[in-house]
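A.B. asks: Put together the whole structure using the sequences plus the hints.
The residues making up each chain are set out below.
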Amino acid sequence: MRPKANTVRISRRELAATTLAAALAPAAQSQTQPGLAKTVRDAQQRNLDTLTKFEIPIATEPAFQFKA
Amino acid sequence: MTDDVFFATITELNARLKKKEFSAVELIRAFAERLEKVGPAYNALALPLTQLAIRRAKAVDDELRRERFRGPLQGIPFGAKDLLSVAGQITSWGAKPFAAQVLDETATVLTKLDKTGSVLIGKLAMVELAGGPSYRMASASLFGPGLNPWDKTRWSGGSSSGSGSAVAAGLVTYALGSETSGSILTPSAFCGVTGLRPTYGLVSRHGAMALAWTMDKIGPMCRSAEDCGLVLQAIAGGDAEDAGSAGKSFYYTPQYARKLSDLKVGFAAADVEWAEPEMRPVLQAAMKVIAGTGVKMVEVKLPDFPYGAVAGTVVSTEGSSIFEQLIMSGKVDELADARQIEGLKAGLEIPAKDYLKAMRIRTLMKQKFHELFADVDILVAPARYGIAPPISQPLDAGPTNPQRPATAGLNALIPAGNLAGLPALSLPCGFAQNMPVALQLAGPAFSENTLLALGREFQNQTDWHKRHPQVG
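Residue numbers (the working numbering), protein chains in the order written: chain R, 1 to 68; chain E, 1001 to 1472.
The list that follows gives simulated cross-link-like pairs (lysine to aspartate or glutamate, EDC-like), each with its CA atoms no further than 16 Å apart:
no.	chain 1	residue 1	chain 2	residue 2
1	E	K1368	R	E61
2	E	K1345	R	D42
3	E	K1115	E	D1062
4	E	K1353	R	E55
5	E	K1112	E	E1241
In short, the hints are calculated from the structure, not lab data.
Here the structure is a predicted model, which means the values were calculated and not measured.
C.D. replies: Here it is, written out as structure tokens:
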């Protein structure tokens, strides 16, 4: 068998489905909310608070090699 | 052209090339035309490289005529996530502010693959800036939302979206993706392909966009565990151009793999309960196959650390530092995802003490994983606990399983494995709601051959990795 040039076809139904799918995907930018900056910073602060509360031995150095 | 070519493995295609069933030029032209034609239907194609590829394929044919065999990758078409640069070509990093960026170097991994005779036929779409530090919508990409070949109304996963779609749809034989925290495993799982996240430092990142220096890895997304081994062998190795390089090579040696009956595989019973209800019987059946390979199954617990908070802090701090110029110039506002924009801005405000605390916790994680891997050789868990979500659904919509199990199981294995630099393999293991479900195997640093051996045996006993969606 020798492969010929590609003969893949996209049916009208598939094209319609793709177009619909793209239309269904809301533009990310449209998710902008007035309070988004605060929401993101609050989530970041929760992460930092979690780290602060996590107790570690005083002698623990930062990881300089990242392999297990 | 028939599906048996488009969905063939590397070794199958290479054997057919050597038997002269078709020439490299014919093969590459067929794949390249298919990628150009079908790739946009999945928002998977960033940049076709058809002319370059055909020129390269002519050279491969010359070599094959002279019986100069370079190895199993010779003449095999592949795609690369668009964070890998090709000199003189556009490298967009999936982001509007870089849509016209042309770099003058070719990524080390692409140079290495070129030397094997493998042929790059196109750059593949991705989530903008590889998704860090956070994005909310599947449409967070210059190319639009990655559409899943199994159901175009669902996401292909991120951030290596195009790599997952292109392999699943038979547009390339394999692809390169990258992972900082889940970006190979997630699209591999959602698209039903086999993906390998290598040990941190095993594969050079020179010529790749950086998102988090201490976590970024480049790895293959393929049709089988064996194909992942073949590609990893070609791209692994020390590189003075990558400060994170471990200086190690990788040789795929299944013939020397440990006997499976000598392996202990750690699992957590709670994992199945964490998964969406339709996935549970699939995962249970897959775990039985793993147990049936002769390994010894041992129940384990993941070391207790705030993995999400540590990963979030490290990626945000490093990512915002890397893109400081983009942020300060205001061009960051051109990105598609509003939360991504705010996340990058907020990351510049993380105090040094918090970043250092996160890195100190990573030291402890490393120690605890050493201890865990003294007891078991491999961890097995669901690659994802849900199937690919609809593209209209925000990615922070939360779990569809409202009843949270009492114990965490291994459900933080993706951030944990990435923070500790561990390798992992995603294996298709069935379907739920007609969408792929996958297991992940994770092991200690540089245990890729062990993971691949178990993955290969799993794939000898199942055919989930051979299923593919109807395309065209």
